[in-house]
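Going line by line, the protein sequences match chains A and B.
Going from the first sequence to the numbering used here is simple: count from 1 and add 434.
Going from the second sequence to the numbering used here is simple: count from 1 and add 434.
Hints were generated in silico from the structure; no laboratory data involved.
Backbone N, C-alpha and C define an ideal beta-carbon position, used for all residues, glycine too.
A hint or two may mislead.
Unchecked claim - Among the chain A residues that face chain B by a calculated CB cut under 8 Å, a handful are:
no. : residue
1   : R462
2   : G492
3   : E499
4   : G513
5   : L514
6   : L517
7   : L524
Said to hold, decoys possible - In silico EDC-like cross-links for lysine to aspartate or glutamate, where the CA-CA straight-line distance does not exceed 20 Å:
no. : chain 1 : residue 1 : chain 2 : residue 2
8   : B       : K480      : A       : D449
9   : B       : K480      : A       : D490
10  : B       : K489      : A       : E451
Number of protein chains: 2
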Amino acid sequence: MSRLVMKFGGTSVADLERIRNVAAHVKREVEAGSEVAVVVSAMAGKTNELIAWCKDAGSYFDNPEYDAVVASGELVTAGLLALVLKDVGLQARSWAGWQIPLITNDAHGSARIEKIDGRNLVDGFRRGEIAVVAGFQGLHASTNRVTTLGRGGSDTSAVALAAAIDAGRCDIYTDVDGVYTTDPRVVSKARRLDKVSFEEMLEMASLGAKVLQERSVEVALLHKVRLYVRSSFDDPAHPKPGTLICDEEEIVEQQIVTGIAFSRDEAQITLREVADKPGVAAAIFVPLADANINVDMIIQVVSDDTTTTDITFTVPAAEFERSMEILEARRQAIGYAKLNGAQDVVKISAIGIGMRSHSGVAARAFKALAEKGINIRAITTSEIKFSMLIDEPYTELAVRTLHTLYGLDAK
Amino acid sequence: MSRLVMKFGGTSVADLERIRNVAAHVKREVEAGSEVAVVVSAMAGKTNELIAWCKDAGSYFDNPEYDAVVASGELVTAGLLALVLKDVGLQARSWAGWQIPLITNDAHGSARIEKIDGRNLVDGFRRGEIAVVAGFQGLHASTNRVTTLGRGGSDTSAVALAAAIDAGRCDIYTDVDGVYTTDPRVVSKARRLDKVSFEEMLEMASLGAKVLQERSVEVALLHKVRLYVRSSFDDPAHPKPGTLICDEEEIVEQQIVTGIAFSRDEAQITLREVADKPGVAAAIFVPLADANINVDMIIQVVSDDTTTTDITFTVPAAEFERSMEILEARRQAIGYAKLNGAQDVVKISAIGIGMRSHSGVAARAFKALAEKGINIRAITTSEIKFSMLIDEPYTELAVRTLHTLYGLDAK
């Protein structure tokens with residue numbers, strides 16, 4: 435008998451009508467012969483409400499109490515879905531994280547899963563029972579306290595659970611019908627992809643595609659859990675195809691470039707005329723790392739006089755002000771002439787495992803953007819992707835240009 | 435060091451401003467030197483919202499899933515109060531029922547407490563930690579599922595917890611400032627009582643006084659937990675006195691009648707010309723008991739011909755239609771001439787442990803009501819109370835008459 439994990443996010447369980455629709459999707463899979471574990475998020479808006487109350491309550495934000503409050507939202511959805519499943523004639527039982535148990539470390543608010551004991555759920559399958567699991571939450575064993583996995587953690591719950599119960603696939607139901615070559619709101623010719631490799635999806639998620647949480651793809655890659663991204667808004671009786679995220683060996687027709695991602699969540703910082711001597715990079719980046727600021731896209735340009743250099747890098751937009759303050763306070767220690775910042779920048783990335791075996795892929799992009807008069811502020815590359823920082827107003831033009839350039843436009 | 439349980443109901447924790455007020459009450463007691471466990475209900479309205487969703491979700495109402503959903507409301511309040519307590523400089527930790535653990539039987543929706551292990555909470559006290567306990571909920575150990583104690587169950591949680599941790603008192607904070615001689619909305623001269631005995635409070639709660647849940651008073655009586663009913667709407671810095679519910683030996687000045695209670699939640703049923711033979715009472719009352727209908731105030735009047743009798747009794751108003759249907763269906767088996775029902779009736783009761791040592795207390799009431807032209811439909815008495823069923827429109831007049839008669843009016 436095949437075993438399946440089905441995960442439904444907040445908009446898919448926003449109210450009882452939507453939850454009934456979820457039950458219809460579950461019923462279809464059960465009737466097709468699968469043992470099913472369903473992982474649910476809180477009803478849309480509920481988690482934000484709970485977080486807002488916690489913020490109002492006090493300044494102790496990275497705290498077990500925050501988790502105790504916020505994890506309650508998923509319990510409600512899980513119980514309601516179990517009730518609806520019973521109402522349509524199926525056997526079901528809801529599971530809180532601590533009941534499974536799903537054991538995490540004690541990093542409250544962004545806990546990591548350490549171990550899932552799937553035996554209780556599997557016992558339920560033997561009794562013909564659907565497991566309805568509250569996503570996003572776990573238990574820290576030695577303190578016996580509830581933890582949460584952080585935003586989007588329900589995807590990670592679902593994937594880790596699929597690995598624990600040895601499910602053949604983990605279906606991520608969401609409000610779009612799959613992974614696209616790029617954001618369809620920006621490029622009308624964007625296409626849904628039938629298959630994407632784990633590695634490509636991981637890059638897409640980290641580079642701005644919002645359809646899956648990065649951590650969940652990491653876990654899927656690690657445990658080789660096949661993910662299927664699909665729409666919960668389909669007619670449950672006639673579901674449409676989605677996108678399978680799988681091992682690259684399952685993908686027969688490899689494109690050179692699979693998708694174009696972009697992220698507006700970037701800010702650029704440049705230090706001018708930094709002394710070109712050993713230790714200067716450490717003087718800049720160690721204080722930022724100590725402040726938990728994630729630095730990306732570092733480039734260094736030696737200036738004409740060869741005794742100084744300009745250093746440019748990006749940080750998340752939300753950390754821009756804090757980064758600037760840290761660097762200003764260390765002007766003396768670092769020794770630079772000028773500090774510049776830019777917030778109206780965007781990072782555009784092209785991703786494809788085909789890049790491994792094809793050279794000159796990025797160079798074609800540089801040429802195409804230059805022809806459109808788009809200035810590239812910074813470039814980084816890795817084995818299966820390259821990213822370019824450009825001025826924000828050119829976002830749509832650049833994305834469309836690359837989408838056409840790499841043959842991704844729908845026919 | 436004295437140990438105290440403080441319980442706050444839904445209106446006392448309705449929003450964050452109210453929760454901050456609760457924290458101020460708690461802080462006062464901690465600074466006065468008490469080890470404190472706080473038991474909280476869900477924010478006002480939240481439990482009703484969750485129940486409404488469960489009803490919408492399906493017909494499986496007396497079900498563990500209902501409890502899984504509904505118990506989430508208290509988790510939110512407990513976490514938020516712990517956050518607020520930390521924000522005002524105190525140490526605190528929230529506790530779900532399953533974390534304590536508070537063990538119940540498996541009667542989901544109206545579970546009974548079987549055992550509370552207070553050791554974890556007491557360990558917390560030793561670390562200087564306030565225990566913030568989600569009321570109304572427990573754990574059924576062998577299924578590892580969350581249970582709820584039924585409406586008003588947070589009072590019962592608090593009292594049972596006070597017994598488990600050997601607290602000197604259990605303070606029930608509510609939206610009134612104590613127990614009154616009768617409902618002040620009906621009798622403007624109603625007085626707050628300084629002290630009420632457990633037995634009197636038990637009768638008052640069962641006879642219509644809404645200030646405390648009956649079950650919680652039973653548990654208090656059983657374990658001799660002194661209850662103090664007081665207002666959460668006072669200025670926390672200058673709390674006003676409430677009502678102490680205690681052993682009768684603590685009460686120096688005993689009144690003959692302590693309070694007048696009334697309940698509109700009654701319906702009267704009369705069977706006319708029932709054959710006066712053995713087994714007829716069983717034919718009437720066994721089917722009602724089998725249908726879980728609680729019969730109260732049974733009276734039997736032998737008719738003139740002495741071969742038949744009229745039997746009158748009351749049932750909860752909500753069970754009236756169902757009771758009538760059951761009796762109609764059994765007309766043949768019971769053998770009665772006519773079935774009458776009345777829903778516009780009210781039960782008025784006078785309660786006082788002084789009745790044990792004074793005779794003729796009830797007779798004075800019958801006379802006083804007769805003088806006002808109020809017809810008494812049925813009477814029941816017990817050691818420390820008597821109840822009369824009268825027509826609903828006379829409620830206020832009857833309550834006021836008895837309140838004056840027994841010297842309860844405020845000076």
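How the hints compare with the structure:
no.: 1; hint: R462; result: violated, 19 Å
no.: 2; hint: G492; result: holds, 3 Å
no.: 3; hint: E499; result: holds, 4 Å
no.: 4; hint: G513; result: holds, 4 Å
no.: 5; hint: L514; result: holds, 5 Å
no.: 6; hint: L517; result: holds, 4 Å
no.: 7; hint: L524; result: violated, 11 Å
no.: 8; hint: B/K480 <-> A/D449; result: holds, 16 Å
no.: 9; hint: B/K480 <-> A/D490; result: holds, 18 Å
no.: 10; hint: B/K489 <-> A/E451; result: holds, 13 Å
This entry does not satisfy hints 1, 7, going by the numbered hints stated previously.
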